[in-house]
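Assemble the dimeric complex from its two separately framed chains, guided by the hints.
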Amino acid sequence: MDTPTFIAPSSRGVVPHLSMDNLRDHTDISGAYVALEDFVEKGIPHSPVFQQPGPLRSFTSQPSSSFMVLGARRCPPVPAPAINTDHSISILTSMGFRELEVNDFISSTAQLQPDVVIGMVDIPAARAGKNRVPKMVDRTELWLEALLRETSSNGTPTFAPILPVELELQTLYLQSIEDNAEQLAGLAFYDSMLVPDMPAALQGLPRLALDDAGDPRKLLQGVARGVDVFTAVFALEATDAGIELEFEFPGTPLEQGVRPLGRDMWAEREEMKTDTRPMVEGCSCYACTRHHRAYLCHLLSAKEMTAWVLLQIHNSHIMERFFAAVRESIARGTFEEDCRTFDRVYEEKLPEKSGEGPR
Amino acid sequence: MPSALAFELVAKCSTTKARASVLRLPHGPIETPIFMPVATQAALKGLTPEQLEAAGCRLCLNNTYHLGLKPGQAVLEAVGGAHKLQGWRHNILTDSGGFQMVSLLELATVTENGVEFLSPHDGTPMLLTPEHSIDLQHSIGSDIIMQLDDVIATTSPDEARMRDAMYRSIRWLDRCIAEHLKPHPSSSSSPTETYAHRQNLFCIIQGGLDLSLRTECCEEMVKRDTPGIAIGGLSGGEEKEKYCAVVNHCTNLLPEGKPRYVMGVGYPEDLIVSVALGADMFDCVWGTRTARFGNAITSRGVLKLRNAQYANDFSPVDPDCKCPVCAPGMGITKAFIHHLAAKETAGAHMLTLHNVSYLLNLMNEARKAVVRDEYPKFLRETFGKWYQGDKAKFPKWAVDALRGVGVDLLAE
Chain A
286 MDTPTFIAPS SRGVVPHLSM DNLRDHTDIS GAYVALEDFV EKGIPHSPVF QQPGPLRSFT
346 SQPSSSFMVL GARRCPPVPA PAINTDHSIS ILTSMGFREL EVNDFISSTA QLQPDVVIGM
406 VDIPAARAGK NRVPKMVDRT ELWLEALLRE TSSNGTPTFA PILPVELELQ TLYLQSIEDN
466 AEQLAGLAFY DSMLVPDMPA ALQGLPRLAL DDAGDPRKLL QGVARGVDVF TAVFALEATD
526 AGIELEFEFP GTPLEQGVRP LGRDMWAERE EMKTDTRPMV EGCSCYACTR HHRAYLCHLL
586 SAKEMTAWVL LQIHNSHIME RFFAAVRESI ARGTFEEDCR TFDRVYEEKL PEKSGEGPR
Chain B
88 MPSALAFELV AKCSTTKARA SVLRLPHGPI ETPIFMPVAT QAALKGLTPE QLEAAGCRLC
148 LNNTYHLGLK PGQAVLEAVG GAHKLQGWRH NILTDSGGFQ MVSLLELATV TENGVEFLSP
208 HDGTPMLLTP EHSIDLQHSI GSDIIMQLDD VIATTSPDEA RMRDAMYRSI RWLDRCIAEH
268 LKPHPSSSSS PTETYAHRQN LFCIIQGGLD LSLRTECCEE MVKRDTPGIA IGGLSGGEEK
328 EKYCAVVNHC TNLLPEGKPR YVMGVGYPED LIVSVALGAD MFDCVWGTRT ARFGNAITSR
388 GVLKLRNAQY ANDFSPVDPD CKCPVCAPGM GITKAFIHHL AAKETAGAHM LTLHNVSYLL
448 NLMNEARKAV VRDEYPKFLR ETFGKWYQGD KAKFPKWAVD ALRGVGVDLL AE
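In the order they appear, the protein sequences are chains A and B. The first sequence begins at 286 in this note's numbering and counts up one residue at a time. The second sequence begins at 88 in this note's numbering and counts up one residue at a time.
Calculated directly from the structure, the hints in this document are not laboratory data. In this text, a Cβ means the ideal position worked out from N, Cα and C, and glycines have one as well. Treat the hints with caution; some may be incorrect.
The calculated label-pair distances, taken between Cβ atoms and stated as ranges, are [stated by the list, open to error]: (1) Arg387(B) - Asn439(A): 35 to 41 Å; (2) Pro116(B) - Thr574(A): 36 to 42 Å; (3) Arg309(A) - Glu343(B): 44 to 50 Å; (4) Val418(A) - Ser402(B): 45 to 51 Å; (5) Val363(A) - Gly388(B): 34 to 40 Å; (6) Val109(B) - Gly567(A): 39 to 45 Å; (7) Val363(A) - Asp297(B): 54 to 60 Å; (8) Arg434(A) - Asp477(B): 51 to 57 Å; (9) Pro272(B) - Thr537(A): 41 to 47 Å; (10) Arg309(A) - Ser206(B): 39 to 45 Å; (11) Glu556(A) - Ala141(B): 28 to 34 Å.
With the rest of the complex left out, here is chain B (with noise of 0.2 Å):
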């Protein structure tokens, strides 16, 4: 199918199954690996558009679902799409919006011809489809749309549904892909131009995790073309050594030449970890939601800056972070975060500008090391910083799946 992207391989590492990319977009160039922070409702929670970018994104994520709500698709058709709406230079990534409704509705029900589900303004009952998920997107205008997918917890006991939600991800991704390959309705110069000459549609892997059904997924969804895939159903609560099976077993099936998103992971070491597997995209709200919770994400692990021990703490929170948070010039300390913790929103919006470039720049040191062809000692040196050199702390799962990928974290 067509597509708006270049997606140029810069390097692969010698030793695991990471990769560093170059990703050309409608809104520019991203480098992979690459985590995007989630800006739900067109605003990440308390920064401006200017520090997002300040911060060195150029890629960030909306919920199709709350833009869908507020401000609606009548205004997004009006303004001219979301880029424009907030502001935003760069590019934009979409879910289908079908998560959304799983996870935050209780009474979303799904059947074959989309989820149906109670309006939470009037609750009205009201059907999401395949076609209006594209729909919304294309008036959102993201540079990226997820298709919409039959999204069931991996934890699930019940293999049948599990089976079935499957099959039914990929009827509902020919279903977008349909939509998608509309003409769009300003292509008057080129009467073939489609949405797809535009933005990006991605499928998205499902099949829990049952390696035969994510064979059977990969393999029917590849042959889709989709300019990028992703790796769905993850994040879920299920054990950390078999969300690393299912990555590691999915990118061993997807063709080399396209973006690898592995959905909902954002913790530090999950990051570093499927970066190794084969992953390239990353977005999670934990960074942003732990931020109000008072906790830094740093080069020495999360600090819970809310405990006592951080009153008279008067050093950088993270004194390795070029933020403006921690820059020296700043004079930010540990014990003033902790003042303002969950009294200020001054307080979260630093901290949440902190966490986000923490992360940021973590996969951009990922990305530097694999171009450096130095991945295994990236990983064995954060690892050792996050526990502070004890590696009897270093979780199991990750010892594993980096030993399945090459690499003794445990080595000297």
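Chain A on its own, in the form it takes in the complex (with noise of 0.2 Å):
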């Protein structure tokens, strides 16, 4: 897998919108972050997905050329009512809340078979306080020890979580991972803005960034800190939103003005009713080489669920397109230079959610 690159928050297994056959035919997604609380909801190893003979992969018929990664939770997760423990958390599956036992999902890995495991969190709902932040850190690194004796075993790739904690208060926790560092084979941010201050034992670590960058501007910031995979959910929650990405790296300066980030489809539905370009010109994807705006204005209007079907194969493109032409320009030693282009052709922010879920 080339990088730094995205892969895709995955619901039940699937990208969301997308059939197989249009994943596979007009997408080039290079991964998925799957949550195994997607997959539990009649607990471990009653669950169907350990019932089968093949790995996790086989079960959501993921391609073999897709890159799977296994956390506990969803990218983003929804809060969970109940509190962690000293053995379990507290997890959404589809028949409601439930805990996910640490051993469980420690023994799970060596069915599931993932590219790459994350070791599992303890991260409250609520915002910790000053006492519950040291119980984060202690738990979280006892959880990651314990993986790492299964997985060093079974042979699952294994990311250590870094916590949305202060670097300070994690000092211990990052020892720990220093010690282990040979048996990891990367880190998972849930902030990302602490990959520059990893210890320098950990640097040679391929880096995970699992909270949402909300923006392209953020994920080239992203990329300058150092992080190599995105999980990027603002490209989806843009789909469900109607919007239409559109931005390129590092993108054509206009003479005058600046360039839109993205197109609310949902908010211009009428302005575009009869437009028959395609939703992005020049833009090489199905859904703009097939059809135009007044179609996806049209779906979006009739609420006809092909409207997500098109936004999601096109944003899709877009983050593609965009991450190849990052490394591109990293390897030509332009990165910077591209950077501060992208930050003068293109305005500050996407459209501002208007639309309506398919949902």
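In structure tokens, the structure reads:
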């Protein structure tokens, strides 16, 4: 997998809105983040994913080329009301809130065989107080050590989670990670601002950002900080809101003014209802080569699910192209300069979400 | 009247009344018997036009009523019709809009002038006349357009109203034809070219379950010489025996050289029995709607994949199916669809794609059997698989209807 890149936060093992044939035929997404909580409504080991002979990849019929990252909770997780304990966390399954035992999570990796498993974290639903933080750190450390005992024997590459608390508060934990560095395949950041502050011994490990960049500028800042893989939730949220993304890297300056990062098709569906130009002129995705703005506006207006399918195909394409261009720029040695160009070319923010989701 | 199609009968079953044909339409040839998926609002629930095309669909439906509301006639005119709106290179059939009015709007009333209804947007009174329906379908640009008819539920006990509706449907057909024979605005090179040279108007036989009314309607409408003929007013909850009797009766009276379309039919059993009774074309939303409830139409019958028994079933949805969902390379299982059903739209999209593919393919297989002159064998094998060989479970109406056209489903 070439980095920097993004993986799709999946829902129940699928990239939202995309049937497997559309995913195969019209996207080139490098991989998916998959949450165990999406698969364990009947518990471990009774849930179907553990009843089949193959790994998680075959249960979700993911192509073998797709990079699959397994975590305990969705990205981003729905806050769970119950408190975590020393040996379990509160999760949300399709049948309601449940407890996930740390040992069950750990033992599941042997069968699920993801390309990467992320150590379980103790992050409370409410903001952690002064006394809660040390407990978060202690538990996460113990859970990671237990996970490594299992994955070092079953061979699952393991990423250490880095907690979204100040670095000083997890110093001891980071030291233990350093001690285990040889067993680790990478680091997963719940707050990717901490990436540059990692100790030298951990600098060689790949870095996955689980926090949402929110917009392409912040993606670029993340790249500059040294993030290798993003989860880029905002692109999915744009799709749900009826927003098409239209940025490229570094972008071509206009003679006057700045380019938009995206367009709210929902909000502009009246103005564009007879506009037979592609959503983004020159875009080579399926939605832009075979369909036009008028169709998208009609589908959104009629709340036809095909609208979100086309938007997802398009937005994924924009993200794929963006990261490909970032990689080229880094290889050329012009990344910093290109980032400055991007800053000049595009407006600051994505359009506000005013549309209505598909559900 | 002029038409924009050519109907070529390719084969006839030597036992039943089943036929195979090639129907050449403005956007390419189609083969009958055919199932036509319903893309109500210019999209088939969550599928792209490309997926529909890849499934083998070459003729799909749009609903005039829905397109008239959204995106509306002005947008359709500006964009250049429904084909351009949805990026669909193949054929489109549109209904007249009348059925939707009567079935969706409680306050619709039928007068001689048309269907009066209150706008679902703002509640203002509106009127759909035969002329307006045809005009709207001209703007849509569909390859096959339907007359406005007066649709009464076949289960209605009001015989007088049924008779009136049948006669009114004939009068409305005349008004539809007059509208359809107007010169096409872009026909400057050939001033006599009418809409009828570009789009095909089908009449709709009405008359409820009363065979004498159906006879009269068939005779009157056949005289009008539309390029194709629909049998309407069925699939409204009537007994299957009566449904079959009406279809069988009408096809006896219809000219052999025109396509016959039974409206609103789409259960697999109804499809292959109706083919045996001499019908060529079908449409129904059931297959796509039931997909959204997690039900798969398969060669082994309809499977309710939300049921717990499929949670750990790691076999393909239908091992005999070649659609992208069932293709071995994809590795999609019943368990995975169960995992997604009613929770992720992508799960619904995949089951929609499968169900549409199944129904399209069922009609392709029926056609091949007619061409080989093995349609009775096809009927026995297909019913046998659906019911796992248990003939006691074959529906009596189907056994009886097929016996009427020379096939004994229960024979060894």
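Against the structure, the hints come out as follows:
1. Arg387(B) - Asn439(A): 35 to 41 Å: Cβ of arginine 387(B) to Cβ of asparagine 439(A): about 38 Å, so the range 35 to 41 Å holds.
2. Pro116(B) - Thr574(A): 36 to 42 Å: violated (26 Å)
3. Arg309(A) - Glu343(B): 44 to 50 Å: holds (45 Å)
4. Val418(A) - Ser402(B): 45 to 51 Å: holds (49 Å)
5. Val363(A) - Gly388(B): 34 to 40 Å: Once the Cβ atoms are compared, 38 Å apart, the range 34 to 40 Å for glycine 388(B) and valine 363(A) holds.
6. Val109(B) - Gly567(A): 39 to 45 Å: With Cβ atoms ~41 Å apart, the hint holds.
7. Val363(A) - Asp297(B): 54 to 60 Å: holds (59 Å)
8. Arg434(A) - Asp477(B): 51 to 57 Å: holds (55 Å)
9. Pro272(B) - Thr537(A): 41 to 47 Å: Check passed, 42 Å falls within 41 to 47 Å.
10. Arg309(A) - Ser206(B): 39 to 45 Å: holds (43 Å)
11. Glu556(A) - Ala141(B): 28 to 34 Å: Since glutamate 556(A) and alanine 141(B) have Cβ atoms about 33 Å apart, the given range 28 to 34 Å holds.
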